[in-house]
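Chains A and B are the protein sequences, given in the same order. Using the working numbering, you'd call the opening residue of the first sequence number 178 and step up by one each time. Using the working numbering, you'd call the opening residue of the second sequence number 680 and step up by one each time.
Careful, some of the hints might be misleading.
[As the list claims (entries may be wrong)] Covered by chain B, per the in silico footprint, the following chain A stretches (three or more residues, Cβ under 8 Å):
1. 258–270
2. 305–316
3. 384–391
4. 411–425
5. 485–496
If you're looking for bench data, these hints aren't it; they were derived computationally from the structure. Virtual Cβ for every residue (Gly too), placed ideally from N, Cα, C.
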Amino acid sequence: MKTANLTAMLSAATLAFLHAASATAQTSDKWIIAEVAPLSGPAATVGAQLNKVARLWAEEVNARGGIKGKKVELITCNDEGKPEKAVACVRDALRQDAVMFFAHSLTASTRAMQSALTNGPLMIVASPNIVPAPDTFTFQVSPSDHHITVAIADYVQANKLKGLGMIAATDASGEVGVESAQKVFAERKLDLKLRRIDLKANDSSVQLASVAGPDVDLVYSSYSGGGAATVVKSFTNLGLTQPLVVSYANLSAAFIEVVKDVMPKRLLGTAIKSLVPDTMGDAATAKRAKEFMAAYEKKYGERSDMINLLGKMDVDVAEAVLTNVANPADNQAVKKFLESTPIESVQHLKFSPNSHVGLTEKDVVIVEYKNGGWVRAAPVGAR
Amino acid sequence: MNALSQTIISGLFGGAVYALLGIGLVLVYRTSHVLNLAHGESYAVAGITAAAATSHGLPLVWSIVLALVLSSLLSMALYRVVLGPRGHWPMSTLVLITLGAAFLVRGVLNAAIGPDPVSFAPLFRGPPLRILGGIIPLQGLMLIIFGFVLSLGAAMFLQHSRLGKQLLATAENPRAAQLLGINVERARLIAFGLSGLLAGAAAVLLVPLVSVDYQAGLSMTLRGFVAAAIGGMMPTRVVVSGFLLGIFEAAIGSYLGALYQDPVMFGILIVVAVWQSRMIRFGGARRA
């Protein structure tokens, strides 16, 4: 009886081993790309937009036979914008032999992912609030929040304004924006009137009233997500006439739809140049941007937005690594490749051994919503 | 612009929302002793319905009517289908069931409209009004007026009308109420329906000034709960506490900064809870 039990246990163990070996063999036939994104929760809008681009890319790559003969398998984990869930997603993906990560979540989640991936593999980040240290395996495709703030300060100075009023949220992203603004505007000796707003506020008239006085010619809301609509609506309801600059993450058709009934006289925004391809000097890059926008619109039946463009740069970095690095699982080889090779995407991404942020303030443009689309912003006259 | 006036105006916006949501929670609690954690879902359903209906070409007024009907029906369905048949279950279990219902509605809304926030045009349009150096949009003024009238009306109805007293009796002693000829099931269904209607009213008044998404419900329930708890689950007190809470919250945001709003507000809630339990121990106030 004991012998029979032992035989059964050994058989079961052998079967389990063979099954595991077969699973590993299947895994090695494809590139496992892990995406951590908030598909529900407060940042679901951002997560869903980035996820759409990642899925589009995986489908396109697989339709043309994959990369180096291997198909791409995108495994998306919904972290709901919660750091503890993001870390659980990372652990789960590592168990599945993920060769790289797309960090498509909020600032706090992405920071938690960084801690869990200090020894690699490659993590590609799309949030401007993260500035990866050059000794890590994390690379940032967006200009940093500091770069965006410098671009705003440049615009303020180019228009001969004395400063601006700013509204920032009370969360981690808002904190990054406040730090950047206080540093950059102090360096430029520009006036900064700053107020914070709670994420669940019904009204931002009190905050706007204190930063948008008659001596202020431009107001900036770094608040992203649905709550930013509250700022825009309160701004218009107060009858304020200054141009209002909204954040990077709000340059989408969905956001315009929410505020269309109460549009400010002039709605401006911060964007990377590829959102307005005609502002780009390089014809080839502008062409890539237009081709991506067309492919996205064909697939999803909607116009692409800022978030989609950041997602496009993410997937282009991933594809460049998978195509050009002999062993994409070799973290040092991947790091060396990215630090030495510019990546051609909807904008030129250039990392270096000293900086893992691919774009700078030169890649940022201040845009304005006109006639149903975003164009380069016209000058702001000092009042 | 006068900062104090603007703070009061902003506080009244928030207060109207606190009062409307708080009185809805109290209505249900005082008739069935259930803390309905799915109360805010009626707000989310109403806001999203009105936005979706207007974007599909339905006139604004009819979109609002549809939103109010659905928010009320949702609340009634929660009682009729989920809570009513399980009335003999422990109260804590019923509260958890309402939380489950809230997540179910949230999931359905996400599947139906996606994660993007939505909004719709204000029903009351016109140039903003200037009052004592503060500025208030017409829709905002209506939010304050309707918020006050509806929440106070609901409180008065509950405390002074015959039907309101019947509703209260169903919670105090359902069996005795039934013996006196009160249809307990019907009374509770009415309470849930009214509660959903008030949450829907909060949505159709507030959403044009902000936006709403599929996950707005629970945060709205929390707001209502704070007002209801501070008001000791007493109808008229909830209206007063709701408006005072809104003004106080705006004043903290205005004079101390938004970072202090949550710690101060929840600090107040704890102090009030401790004070109320002290009163109960010494035979003072009624238990919430």
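Tested hints:
1. 258–270: It is violated: at least three residues are needed, and the region 258–270 of chain A offers just 0 whose Cβ sits closer than 8 Å to chain B.
2. 305–316: violated (count 0)
3. 384–391: holds (count 4)
4. 411–425: holds (count 4)
5. 485–496: Violated, because only 0 residues of the region 485–496 of chain A bring their Cβ atoms closer than 8 Å to Cβ atoms of chain B.
Figure legend: structure checked against the earlier numbered hints; hints not met, in rising order: 1, 2 and 5.
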